[in-house]
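Participant: Top line first, the protein sequences correspond to chains A and B.
Numbering follows our numbering, in which position 41 of the first sequence is assigned residue number 41; successive positions increment by one, without gaps.
So the mapping is simple: our numbering equals the position in the second sequence, first residue as 1, plus 88.
None of these hints come from the bench; they were simulated from the model.
Even glycine gets a Cβ: it sits at the ideal position worked out from N, Cα and C.
Careful: at least some of the hints might be erroneous.
[Said to hold, decoys possible] Output of the computed footprint for chain A on chain B, the stretches with three or more beta carbons under 8 Å from beta carbons of chain A: (1) 428-438; (2) 507-518.
[Unchecked claim] Using 27 Å as the maximum straight-line C-alpha spacing, the simulated DSS-like pairs for lysine-lysine come out as follows: (3) K566/B x K72/A; (4) K72/A x K581/B; (5) K51/A x K566/B; (6) K22/A x K533/B.
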Amino acid sequence: MSAPKRERKETGWFDSPGNVDKLWRGLLAACAALFVVGIFAKSGAHVWIEKIPGALELLAFVGFMVVVRAAKALRPLVSRDEDYYDRD
Amino acid sequence: MTATEINPGLLMILAGLVAAVLPLTPRRYLTIAAPALGIIVLLATPIGTVSTLTVAGQALAILRLDGLAYPFALIFLIAALLNAIFALHQENRVQDGAGMVYAGAAIGAALAGDLVTLFIYWELTALASVFLILAAGTERAYRASMRYLVWQIGSGVLLLAGILIHYRATGSLLFGSMTLGSAGTWLIFIAFGIKCAFPLLHSWVQDAYPEATVTGTVMLSAFTTKLAVYAFARAFAGESLLVPIGAIMICFPVFFAIIENDLRRVLAFSLNSQLGFMIVAIGIGSELAINGAVAHAFAHILYKGLLFMSMGAVLYRVGTVKASELGGLYKSMPLTTLFCIIGAISIAGFPLTSGFVTKTLTLGAAEAAGYFWIGLLILFASAGVFEQAGIKVPFFAFFGTDSGHRVDEAPRSMLVAMGLAAAACIFIGLFPALLYGILPYPVAKSPYSLAGVVIKLQILAFSLLAFAVLVRNGMWPKDAPSTLLGSDWLLRKPGNALLQGTARLAARINDGVAAATERAASRSMSLIEAMSHPDTRFGKPWPTGRMAFWTTVMLGAYLFLSYAV
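The following block holds chain A by itself, in its conformation from the complex (with noise of 0.2 Å):
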């Protein structure tokens, strides 16, 4: 199916451990810019948690950690091997 193989340059800019931590600090002051931004920034919401500095924050953080953890929980109860269907 795959089309014949190029020669292509090895190492991306991702690669790069130097670089994937310019992302990770770029992440970490986006987040901290968006916090004090929205402290002032959300006197329009309409829901009070909205209006709460940093609880949307957290929430989204814990939120997402707590369904990953969730997630993982899940498997042994879900996951089977690959051929679990075509086995019989």
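Knowing the structure of chain A, use the given hints to seat chain B on it.
Facilitator: Showing chain B alone in chain A's frame:
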């Protein structure tokens, strides 16, 4: 015949049937020309057009173009056109023909004004689409397609039964607003629910979609489920039961998508979750909410199609879409990577993308209707969707650990289709008024408010932060080849065992009955043989005179009786 009388759905179906017998080059032109012509016909048809056909004394509205049908018919045609461009590099007669008939059936159903016409197109979508799975040509695809067909035909049978009961009860075949309550409306509701992948009725989506051809999956993702969304918006807008159903649909696929290894299956899970947003909006039922559901369906077809296209391109080049076998593809397929990311940020609802301007409507409707928790759920589920389709798919396919695959960029036709879909996602985000202008109800507000944009960005940025923390610390669940169990497990394991057990029992009973019959037959045979032996009373030859005597006695008795009675 004027443009107002041409049904773009029928046009596509006819073109599909013709395409199935044409040689490659004219077929390619036709797959592009038919949906393009369909779009022109649709644009030329005034809203409010109704075209009826009288069959056996019953007037059937075979075409009804109103404010609700229009956006669905339009996006179905646009999707058919993009899919045709995407498929140009492939030579697959069955796929080309079936794909057009399938799209045409979905368009015809969206334009159907009565329930009989709806049913005919409803079944045709099932029949035509199964060929897209079969066209993959693998044993797995064959088995998945048969399971898919059972669900789809099941939906059709329930729909037909529902229509008949509804017709007997009300005397109306109009495909319009219904109130849940009678047996007929419940059957119709469940028939729609199967096609909309309601919880526990959903397994066919994750089962069959990832087994179809590279293009087939893109086509499947556009039509069937969104047709069901349309049907709900038409018949059950404001049915409050849809709100909790939609909320469950939004949440539960998120967990499965995180631990699923096949990236096309991950997208199928997130598709299911996205349908939940639309169903919640239809359940709320206000004008704003219906606008939200329709706009979301419109945008969803574009960005979900784009995501399935990007994974299709990866499957086409690399031969697999298993997260555990991919990574680092951005070096080989930079444009596909870019388009996939645009699809990902759209599905996550980043500001300036189609996902933002459409989900804002639903969110606003939930808040206005006082569904505080549903509003919060929608907000966070967007983050959940972001983590499954938005981060997981591009990250593990194109970035992550380099898998060492060095392949060519996707074929040009695929890039053009992905580029157009990506451009549409951004275009709608930049100019939402264009999409808002074709919604069933007028939209008063701009989706962009400072608070709305900041809230959305905060949620997305902090979800991304959580993802980055998990990946950097090696805490993200490792992708491993696996099969995830769903509600279809009940059918495929205990159900299958029950079926086989029943079959064995039936075979044993059958053997027993056959043996007993054989014994009884041979016993009767020997009895007859014994009785007809020349030495026995019955076997002895009887003299002719005795026969004549008894015949005369019989006839005499008849004569006597006929006079006496």
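Participant: How does the region 507-518 of chain B fare against chain A when you require at least three residues with a CB closer than 8 Å, holds or violated?
Facilitator: As far as the region 507-518 of chain B goes, the hint is violated, because 0 residues have Cβ atoms under 8 Å from chain A.
Participant: Can the restraint linking K22/A and K533/B be considered satisfied, given a maximum Cα separation of 27 Å?
Facilitator: Roughly 39 Å between the alpha carbons, so the hint for K22/A and K533/B is violated.
Participant: Assess, step by step, whether the Cα of K51/A is no farther than 27 Å from the Cα of K566/B, and give holds or violated.
Facilitator: violated (37 Å)
Participant: Does K72/A lie within 27 Å of K566/B when you go C-alpha to C-alpha?
Facilitator: holds (9 Å)
Participant: Holds or violated: K72/A and K581/B, Cα atoms, limit 27 Å.
Facilitator: holds (24 Å)
Participant: Count the residues of the region 428-438 of chain B with a beta-carbon closer than 8 Å to any beta-carbon of chain A: does the count reach three?
Facilitator: violated (count 0)
This entry does not satisfy hints 1, 2, 5 and 6, going by the numbered hints stated previously.
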